[in-house]
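Student: Using the hints provided, position chain B relative to the given structure of chain A.
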Amino acid sequence: MQCLEKSGFLFDHSCEENATLQCQYCEKAVCHLHAHSEVGTAACTKCMRGSVRQARAAGHTTIYDDDPYFYGMTRYRGYGRYRAGAWGAGFYAAAHRREDFTEADAESLRNADDASWERDMGAS
Amino acid sequence: MAEAIIDDPAPRLLLYALGGGLGHLQRATALGRAAARLGHAVHLLTNSPFASFLPIEPELGRAGAVTRLPPDRDPARVVPKIRRIVTETDYDALVVDTFPRGLAGELADLLPALGAAKFWTQRDIDPRYAKAADLASLAGEFDVVFFPGEAGPVAPPAPAAAVHTAPWLVRRADELLATGAARRVLGAPDSDSPLVAVVGCGGPAEIAEGAAVAASLTSELGARALVRTASPEGDRARADAGHWPLLEALPGVDVLVGAGGYNTVYEARATDTPLVALARPRRYDRQTRRLRDGERAKTKREVIAKVACHLGQIPAGGAPPRAFPDGAGEAARVIDETLRARWRRGGARRKAPQLGRDHSSTPR
Numbered sequence: 002m003q004c005l006e007k008s009g010f011l012f013d014h015s016c017e018e019n020a021t022l023q024c025q026y027c028e029k030a031v032c033h034l035h036a037h038s039e040v041g042t043a044a045c046t047k048c049m050r051g052s053v054r055q056a057r058a059a060g061h062t063t064i065y066d067d068d069p070y071f072y073g074m075t076r077y078r079g080y081g082r083y084r085a086g087a088w089g090a091g092f093y094a095a096a097h098r099r100e101d102f103t104e105a106d107a108e109s110l111r112n113a114d115d116a117s118w119e120r121d122m123g124a125s
Numbered sequence: 003m004a005e006a007i008i009d010d011p012a013p014r015l016l017l018y019a020l021g022g023g024l025g026h027l028q029r030a031t032a033l034g035r036a037a038a039r040l041g042h043a044v045h046l047l048t049n050s051p052f053a054s055f056l057p058i059e060p061e062l063g064r065a066g067a068v069t070r071l072p073p074d075r076d077p078a079r080v081v082p083k084i085r086r087i088v089t090e091t092d093y094d095a096l097v098v099d100t101f102p103r104g105l106a107g108e109l110a111d112l113l114p115a116l117g118a119a120k121f122w123t124q125r126d127i128d129p130r131y132a133k134a135a136d137l138a139s140l141a142g143e144f145d146v147v148f149f150p151g152e153a154g155p156v157a158p159p160a161p162a163a164a165v166h167t168a169p170w171l172v173r174r175a176d177e178l179l180a181t182g183a184a185r186r187v188l189g190a191p192d193s194d195s196p197l198v199a200v201v202g203c204g205g206p207a208e209i210a211e212g213a214a215v216a217a218s219l220t221s222e223l224g225a226r227a228l229v230r231t232a233s234p235e236g237d238r239a240r241a242d243a244g245h246w247p248l249l250e251a252l253p254g255v256d257v258l259v260g261a262g263g264y265n266t267v268y269e270a271r272a273t274d275t276p277l278v279a280l281a282r283p284r285r286y287d288r289q290t291r292r293l294r295d296g297e298r299a300k301t302k303r304e305v306i307a308k309v310a311c312h313l314g315q316i317p318a319g320g321a322p323p324r325a326f327p328d329g330a331g332e333a334a335r336v337i338d339e340t341l342r343a344r345w346r347r348g349g350a351r352r353k354a355p356q357l358g359r360d361h362s363s364t365p366r
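In order, the protein sequences belong to chains A and B. Numbering-wise, this note's numbering comes out as the position in the first sequence, counting from 1, plus 1. Numbering-wise, this note's numbering comes out as the position in the second sequence, counting from 1, plus 2.
Chain A extracted, bound-state conformation (with noise of 0.2 Å):
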């Protein structure tokens, strides 16, 4: 069975890999790469990341810092920001460059919970 994470820097992508372990949360097949281990359970990204998300708000800023699923400080200086001098800012910036999107691109700007539902049959 493939993973079935889906998550991305910039767009959220489908996983390729074969899936080997459950979310303890949600129940996700997921493969080696999108499961994180915390006491002994395993998490998918998506539902680590909110713990994560909430450890970092109660200060605890250097959790998973360096990660590269967890958009640290430390691996992207800068991340969610774009002015001069964050990451990524030269890149977007430079005359020639003409990033555009595609129809192709919308599926991944859709909210990833609308594409779960309907379909795990094991879900409750």
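What you were told as hints is all true, and nothing was included just to trick you.
Distance ranges between label pairs, derived from CB positions: (1) His14/A - Ser221/B: 44 to 54 Å; (2) Thr290/B - Glu18/A: 26 to 36 Å; (3) Leu40/B - His33/A: 47 to 57 Å; (4) Ile64/A - Gly142/B: 46 to 56 Å; (5) Met2/A - Pro317/B: 50 to 60 Å; (6) Ser221/B - His61/A: 23 to 33 Å.
Calculated directly from the structure, the hints in this document are not laboratory data. Values in this document were obtained by computation on a predicted structure and should not be read as measured data. In this text, a Cβ means the ideal position worked out from N, Cα and C, and glycines have one as well.
Tutor: Using the frame of chain A, we list chain B on its own:
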């Protein structure tokens, strides 16, 4: 296939009870056994992973039947079987538990064309899903929308079609075991110590966590209480006697530890059994909202503290048995009356196929 009119007074119900865990199956079983007592022939459709070892058939009586679909999470493998059953089985009423579109949307295009009476059992469901799937547009397809002990996000267009009942529990109050018999089935026959039962009917990780909670309780409470795990299947390695339905044995339980699912919560409240619960994340069910503040624990440590607090408040001799209303029985009577009213109005009972000639069981 030509339609045929048959003349048989025993209503035939198809109960759609798909969904993970035990909740949908157990709620449908509660309704099914109440309907069987009224003489209905009940066919229950389930894909619960627990169904393979639970004795559901005796609950539904001689005219009852259970179709156990494999607990396969992939809709592509299960939906064709479901659609065939819904469109090619003889029944007078379809009762859909929780998911009016079907768990994978497989009922949405079938409902408007079905000749049978339709009933929706609406438990709490994530309103984001209700909105995204536009469940409100389907509510009018149902003759009755049941609210079995809790509110749901979708009201039927006709207020008279909404029927609020007490929770649907798989045993009536007069069917519960006496305290002594209950403690025997839970593996505590000769002890006067308070009994703490830890239940878990979710996925393997949750069941394992329940076992860890039970182990911690055993260690922390010591001689203050007996701790038993109680699952439908049982596990000797965990000193789990295994008893189904647990509701029968709740008179022997002084504190119940579990999650915030429908059956655990309403069975505990119906029997006045103190409940300490860890709300579990579910795709559609909002367990945190179902639990009261006094019932909800957020960590294992909090579970232990709340259990200890309850143990200090147990009345001498235990609490007296309490009668509780039979919500499933009330719902079965509503279904029976609705069907007979349809027949009196001239609505014919229909043999399969349930759909009109221009419909098929294959989605377009």
